[in-house]
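Those protein sequences? They're chains A and X, same order as listed.
Sequence positions in the first sequence follow this note's numbering and run 1 to 292.
Sequence positions in the second sequence follow this note's numbering and run 293 to 529.
Keep in mind the hints are simulated off the structure, nothing from the lab.
These numbers come from a predicted model, not from an experiment.
Heads up, some of the hints might be wrong.
[Said to hold, decoys possible] Distance windows between CB atoms, simulated: (1) A:148 to X:414: 40 to 50 Å; (2) X:362 to A:108: 33 to 43 Å; (3) A:103 to X:313: 48 to 58 Å; (4) A:77 to X:527: 54 to 64 Å.
Ideal placement from N, C-alpha and C gives every residue a C-beta, glycine not left out.
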Amino acid sequence: MELFTNQVLAGISTGAIYACMALAVVMIYQAIDHLNFAQGEMAMFSTFISWQLMQWGVPYWGAFVLTLVLSFIGGIAIERLLFKPLAKAPILTNVAGFIALYSIVNSVAGLIWDFTIKQYPTPFGSYPFLGSQLISTHQAGMIGVTILLLIGLFFFFRFTRMGLAMRAAASLPESARLVGINTSWMIALGWGMAAAIGSIAGMMIAPVVFLEPNMMLGVLIYGFAAAVLGGLTSPLGAVIGGFLVGIMENLAGTYIPGAGNELKLPIALALIIVVLVVKPAGLLGRPIVKRV
Amino acid sequence: MTAMLNVRDLRAYYGQVQALHGMAFDLSEGSMTTLLGANGAGKTTTLRAICNMVRSTGTIEFEGAPLIGRPTESIVRLGIAHVPQGRGTFTTMTVEENLQLGAITRTDRAGVVSDIERMYDHFPVLKDRYTQQAGTLSGGEQQMLAVARALMLRPRLMLLDEPSFGLAPLIVRDLFKILGKINREDKVTILVVEQNAQLALELADKAYVIETGRIVMSGSASEIANNEDVRKSYLGY
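Chain A extracted, bound-state conformation:
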């Protein structure tokens, strides 16, 4: 029983990271109807920026906030330069754009910071949380940060004019323009926010997986699994999906004989396929119905 509780709690803490990635994926999917394959690499790059800032002597939380701001601006720049011109292009052109972005960001990070593994600090320490052996203070911190982020996003989308305008632009662009919303900038804003959310995921997971250019590959696949499970149209679903995927990953690794660490990733991929076959809209997503 101790082992089970332990695994569930560990699952919730990594699930928090998957939830952040899924949230970033859903934000861009809502805005432009495409999955951002480069989301993980963008998050990795942001994490390197925060690491570099700390190397230069900026204290942790200063680097954290500065990285959020830089990632936000970077996300907007990527949308303006690369994806705005592709807005009316076919799906495959966009996919090519995402893959190009993926490999460019990955290589540039390798070029600047090389591919050796780096230690990344945690602001929460790695002690037993509240004296319990079950989770560490860093894991508890990850969960706390995710929950704060969620509450913040909820208030932003529910109670601010900008949040309302972004929701309108994502759900019905033409009607949104007819009430005077600049939908093109709302998309850019969505990219900026997604990049910032992704950077939080990167900075939180880096102390666990260590910092290197390929650190987000697995995390992004779990993030996709979480987004698909929760429903690509539902931010709340993405978060619940993130926690569920984290728990499932840990339980499967512990209890399914032979699944071990090597087969954890295929489990995420299998989950994506099962959800797409059985319930394509996900747990909380709304099915897309087109009238003909």
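Guided by the hints, dock chain X onto chain A, whose structure is given.
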């Protein structure tokens, strides 16, 4: 009366297909004007061209400001509200959020709050349902919401695309009564495209008849209503 909107030599295109062939008309301030015509004549395209939602050439001037080439959202900010065909309701949002979206470009918070109350006076049915998802409203209620949403902009000019579409006759009467009231009391200039020609002509001051992307007849609403060709083609007697 001075002209609020001048349209000259308006041509519009869907890809290679030309839908409007040099339209010209004026809307005078405070008037209610109707565009009549068969399906495919170009009524909806005319409204879409005013809001730059279709590729077009020629000139459209709103109070002296040229509209062609201006982005839709900035045309709306000049005070032109467009109630599109199919109503454009934000179905996943609540009734109240839809009304707030109508006023999203306004910065006078107190004015927006009092205007929402005013809309609930105009359309009591919306007040009963203000926390409901707009997609759960009936067709008539959604049309009321679409008109209310457009009014939240405090528009100078309102464009309505077939407001009676799919509504029961009694509801259509109510809706047009409210439109008349808005036109007279709030001094909103209205351009309405309508299949129900009889009703539109009863309320409008002026009418234009369109055929295949050209204006073929214009005059006061009563002149048009009494024209024999119009009676046969659009009024059915």
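Results of checking the hints against the structure:
For the hinted restraint 40 to 50 Å between residue 148 (chain A) and residue 414 (chain X), the CB-CB distance of approximately 42 Å keeps it satisfied. Judged by the Cβ atoms, the range 33 to 43 Å given for residue 362 (chain X) and residue 108 (chain A) holds: they are separated by roughly 39 Å. At about 50 Å, the CB distance of residue 103 (chain A) to residue 313 (chain X) agrees with the hint of 48 to 58 Å. Taking the beta carbon of each, residue 77 (chain A) and residue 527 (chain X) are about 58 Å apart, inside 54 to 64 Å as hinted.
Checked against the numbered hints given earlier, the structure satisfies every one of them.
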